[in-house]
Amino acid sequence: MIRKRKLRAVFILIFCLLIFSLSLSFGQQASPSVKNKETQVQKTPEKVVPSPKNIKESTAIYVFIAWIWVSIFILIYIIRLKIKEVDRLYGLKFFSIKKK
Amino acid sequence: MKVKDSLLSIQTWIDERLGLGAIFNFLREKKVPQHKHTIWFYTGSSILLFFVIQVVTGIMLAFYYKPTLEEANKSVARIMTEVPLGWIIRSVHFWSASFMIAIVFVHMISIWLVKAYRKPRELTWMSGVFLLLFTLGFGFTGYLLPWDDLSLSATKVGTDIPRSIPVVGAWVTNLLRGGEDVTGDTLTRFFGIHVSVLPLFLILLLGIHLYLIQKLGMSLPLDLEIKKEEVRELPFWPNFVYREMVVWFVFLGILFSLAIFLPPSLGKVADLMAPAPKGIKPEWYFLFLFQTLKIFPAKILFMTGDTLAVSLILLAGIFFFFLPLIDNKPAQSKGKIITIIAYLFILYAAVMTIWSLVT
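Order-wise, the sequence lines are chains A and B. All residue numbers in the first sequence are consecutive under our numbering, ending with 100. All residue numbers in the second sequence are consecutive under our numbering, ending with 359.
Hints were generated in silico from the structure; no laboratory data involved. We put the beta carbon where it would ideally sit given N, CA and C, even for glycine. Be aware that one or more of the hints could be misleading.
What the hints assert, rightly or not - Part of the chain B face toward chain A, derived, beta carbon under 7 angstroms:
#, residue
1, Ser75
2, Pro238
3, Tyr242
4, Met245
5, Val246
6, Phe249
7, Gly253
8, Phe256
9, Pro263
10, Ser265
11, Leu266
12, Gly267
13, Lys268
14, Phe296
15, Ala298
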């Protein structure tokens, strides 16, 4: 049980480090020029590298991705409990009794 | 209590008209066998998940995309720079396509290895091969739509390959391109195929495929068929669906992370008169075929290397499609040669893909 907890902690740590390192490299990407809409329509850029337009959008994205992963971990935890419960009920033939 | 009653009455109202209760009862009755290969069962529903994501993000992109020579690249650039969060939607569409194709490959290979295509599931396999082709068709047609130098060159190479097919080759190439060369007509044609023809046929075939799976049930691994042991089963709803949901959430998390941190860029607008840039390569899922064509010499005996390579690829495709008829042994037979061929195919595809990536 303790080993499992340690493994989980290591996994979460590695995952957080991965996200952090990716976010650092992400911040270094050049943002496309969006100053003048007219010039953009007339002159197509050589190569468009997608990235957040400003610090506000950039922060929103980091918050969004963090929220997604937190939600996923919580949902998986809840679903695991649900799986245990429905498996137990199935083992007890609860649903077949109910049907009768 | 009142809310519960009104919800129940709405449910009854809908059920009386649509008969959805029968479907839910069927799902409750449906059982999923539990064994060491059950993990492969999750690939089917994951493909569906990514298909739904493709449809939703594709519709969102279609609101802004303009499939004309002048506007295609600009409209994609606009999606990426002006439309709020447009680059994320495009990135999710891009990564979701790759995920979908990867899982389709895994799904097909797993069925091949566990011999789940054998009687009575021949048609399920054949419809699956068509679904694989349509999925690859989505990837091929979608690649041209940004209309940048790379997508144009890759499409020129890709649409030129059928030309090597004996007798009908030139006709197929002209049909794909809408003329002799890749032009604005090809772009419009590919867009039409990408957003209407392929989805229509894919949904139709998907319906047939799912119907066959429900009708025939899930297959058992060979060793369990041979031993005729009683296999532990789980109800599809809710026990198996909950398990599938865990896989979906993990995939969704990875998809969004990749889409945000590794979004696809857009090259400069395609120039029809410009020479092909050096080192053009198709998407990763076509690399093994691309490398196969590259390794053949220009001429072998009385035919060109391209014709021989394309003919061999076509023969391999025919073998793949008719696999249930070639390996039509009873379920108890192990079919070792077919297993060896499957492993050789995996090895070949992996080696060719890596070779193409590093050269």
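Hint by hint, which ones does the structure fall short of? Hints 1, 14 and 15 contradicted; others consistent.
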